[in-house]
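Enquirer: Fit chain B to the known structure of chain A by using the hints.
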Amino acid sequence: MFKIFKIFLYFGGFFFLLTACDKVSAFNSTKESAKSDNKEVSINPDVKMVLIKGGEYQPFYGEDSSLVQVQDFLLDEKPVTNKEFLDFVQKNPKWKRSHVKAVFADDTYLKDWQNDETLPKNADPNAAVTFVSWFAAKAYAKSAGKRLPTLDEWEYVAMADEESANARDKSTYSAHLINLYNQKEREKNAVKISQPNYYGVYNMFDLVWEWTDDFNSIMTTSDSRTAEFDDKGLFCASAATSTTDVLNYASFMRYAFRSSLKANYTVGNLGFRCAKDVTK
Amino acid sequence: MKRIVTSFALALLTLQACKQTPGDNAKATTENSAMDIKVSGETETQAKLNPPMVPAAIGNRAAKKVVVHLEATEEEGVLADGVTYKFWTFNSTVPGTFIRIRVGDEVELHLKNASNSVMPHNIDLHAVNGPGGGAEATNVAPGKEAIFNFKALNPGLFVYHCAAAPVPLHIANGMYGLILVEPEGGLPKVDREYYIMQGEFYTKGKTDEKGLQEFDQDKGVDERPTYVVFNGKKNALMGADALEAKVGETVRMFVGNGGPNLVSSFHVIGEIFDRVYVEGGTTINKNIQTTVIPAGGAAMVEFKVEEPGNYILVDHSIFRAFNKGAIGMLKVTGEKNPKIFHKVQ
Numbered sequence: 001m002f003k004i005f006k007i008f009l010y011f012g013g014f015f016f017l018l019t020a021c022d023k024v025s026a027f028n029s030t031k032e033s034a035k036s037d038n039k040e041v042s043i044n045p046d047v048k049m050v051l052i053k054g055g056e057y058q059p060f061y062g063e064d065s066s067l068v069q070v071q072d073f074l075l076d077e078k079p080v081t082n083k084e085f086l087d088f089v090q091k092n093p094k095w096k097r098s099h100v101k102a103v104f105a106d107d108t109y110l111k112d113w114q115n116d117e118t119l120p121k122n123a124d125p126n127a128a129v130t131f132v133s134w135f136a137a138k139a140y141a142k143s144a145g146k147r148l149p150t151l152d153e154w155e156y157v158a159m160a161d162e163e164s165a166n167a168r169d170k171s172t173y174s175a176h177l178i179n180l181y182n183q184k185e186r187e188k189n190a191v192k193i194s195q196p197n198y199y200g201v202y203n204m205f206d207l208v209w210e211w212t213d214d215f216n217s218i219m220t221t222s223d224s225r226t227a228e229f230d231d232k233g234l235f236c237a238s239a240a241t242s243t244t245d246v247l248n249y250a251s252f253m254r255y256a257f258r259s260s261l262k263a264n265y266t267v268g269n270l271g272f273r274c275a276k277d278v279t280k
Numbered sequence: 001m002k003r004i005v006t007s008f009a010l011a012l013l014t015l016q017a018c019k020q021t022p023g024d025n026a027k028a029t030t031e032n033s034a035m036d037i038k039v040s041g042e043t044e045t046q047a048k049l050n051p052p053m054v055p056a057a058i059g060n061r062a063a064k065k066v067v068v069h070l071e072a073t074e075e076e077g078v079l080a081d082g083v084t085y086k087f088w089t090f091n092s093t094v095p096g097t098f099i100r101i102r103v104g105d106e107v108e109l110h111l112k113n114a115s116n117s118v119m120p121h122n123i124d125l126h127a128v129n130g131p132g133g134g135a136e137a138t139n140v141a142p143g144k145e146a147i148f149n150f151k152a153l154n155p156g157l158f159v160y161h162c163a164a165a166p167v168p169l170h171i172a173n174g175m176y177g178l179i180l181v182e183p184e185g186g187l188p189k190v191d192r193e194y195y196i197m198q199g200e201f202y203t204k205g206k207t208d209e210k211g212l213q214e215f216d217q218d219k220g221v222d223e224r225p226t227y228v229v230f231n232g233k234k235n236a237l238m239g240a241d242a243l244e245a246k247v248g249e250t251v252r253m254f255v256g257n258g259g260p261n262l263v264s265s266f267h268v269i270g271e272i273f274d275r276v277y278v279e280g281g282t283t284i285n286k287n288i289q290t291t292v293i294p295a296g297g298a299a300m301v302e303f304k305v306e307e308p309g310n311y312i313l314v315d316h317s318i319f320r321a322f323n324k325g326a327i328g329m330l331k332v333t334g335e336k337n338p339k340i341f342h343k344v345q
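If you're matching them up, the sequences are chains A and B in order.
So the first sequence is residues 1 to 280, counted in our numbering.
So the second sequence is residues 1 to 345, counted in our numbering.
Extracted from the complex, chain A is given alone in its bound form:
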């Protein structure tokens, strides 16, 4: 599966390069491909998007010197909820549980729903939707005129606590998250009950893990086994030498979680939120 995805990404990379070379034709071709691919009926979820002011950030994985530039972008203030996802599947029947193709979502897709259009028993409509695949999340974002955040964008926002944009150096930051992450069934709680972070974004940590667009990029960007930051960095001792912040156990957990996923996986504590470019 990873292999397929890798190939997919390579082709994506080529495509990207091509478009960069020739903006005009690229614009046309994107438009065309958008036309042919976009079978999603658009939805209009009522969710505030927060402007995240970009900047340089130190990715968890990478060399000390390699700062990554994150551009300004918009991020949903909360994860996509049960109610919102229900609206999406009602308007886009191919994403109903009984219709979805196995390559796009495994056999636990929307597993706890009572049927194609009924939320789980006792489920809070305002709780984050879970048991959704990366493909389903992507389709949802597309139909909302958005996209999934990149891993760098997500982690950039995740540096913030309630008071500051970068809380990584606070000793309590990781310890607090480890204990939070160790609590079960958090995904059943409604969104936006807890405090927002510095940016005004809710529930980055306390409800669900979240898909990112390039969730397994740690594995796919390294071109060979000699590369420094492939998935092996997540196992055993090698992790201690390749991460920039070896005591940030909370980040380790997120990266380990992402590396255990495949794009058609659906998991009980995994949801998503959407992002968008800033249009000038």
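If you are wondering where the hints come from, they were derived from the structure by calculation, not from laboratory data.
Computed footprint of chain A on chain B; a stretch qualifies when at least three of its residues, placed anywhere within it, have a C-beta under 8 angstroms from a C-beta of chain A:
id: 1; stretch: 113-126
id: 2; stretch: 134-145
id: 3; stretch: 156-170
A virtual CB, placed ideally from N, CA and C, is assigned to each residue, including glycine.
Expert: Relative to the frame of chain A, chain B by itself:
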């Protein structure tokens, strides 16, 4: 062409190397022969026994296919009297289920991650020859299952543990166990076998502070455990749960050390180990008082019990035993033997 030349040169070099070091050559032969052992007979599904119990000895059976099921779980349990902790486990026990196979066996290992888990988990078996000991092949999300096959090439007693990031946390929370690979023909027969594994726990509260205790990362990094215990909790092998034997019996203990940090100085007060399989390998040392068990290592100790009484198992780094919990008991019953031991006055 170039390739052929290179391979030829390599082959020559290998041959040369073999000539010069007969020891290495011998080793290669053993491993090769283990590799060539054919499996036969019915596939066995390994039984799930809770520690300190172990599955029956393999005896002189032929190599076969063995299916092992492990489930990674995250569950609250008792760490000491009145103290609870959120353990991460293999098959809901600390240490996890004892796996018992022989050299040449082909193991099909199923690692399921419980559907209500929060974290991904995997397994690195030190008995495996292959990348990550299986860790990469088994990194599994909540609710999913991974399967991988391996052939046991080296006999010995090996540790297995979770190696998902952050590795120290997964081990500190209890994700370890032992896998025994018996040599061809099996280990010598004994009367009793027990499974004991030492491990440390790092909690926010002090030792014996009541209530649900959270993991303390700083104590973990500083290697200052709040608890050092056998089999996942203080007093797991005391009182009604003490190990038992009768005078005249031979006892074999499979002793592992999950760590994550400390090296154990394993000792049984009032006994001398007649035989120690040093570090769980093939070398046998005799007449040993205390044996070192490294973190991520194991040893097999064997002794005959001659005199009734209570024999205390400790990590002889002794504060650990009497203050942090590294203590257990072997109750020996039977006839007194004044020739060996008796109090005069």
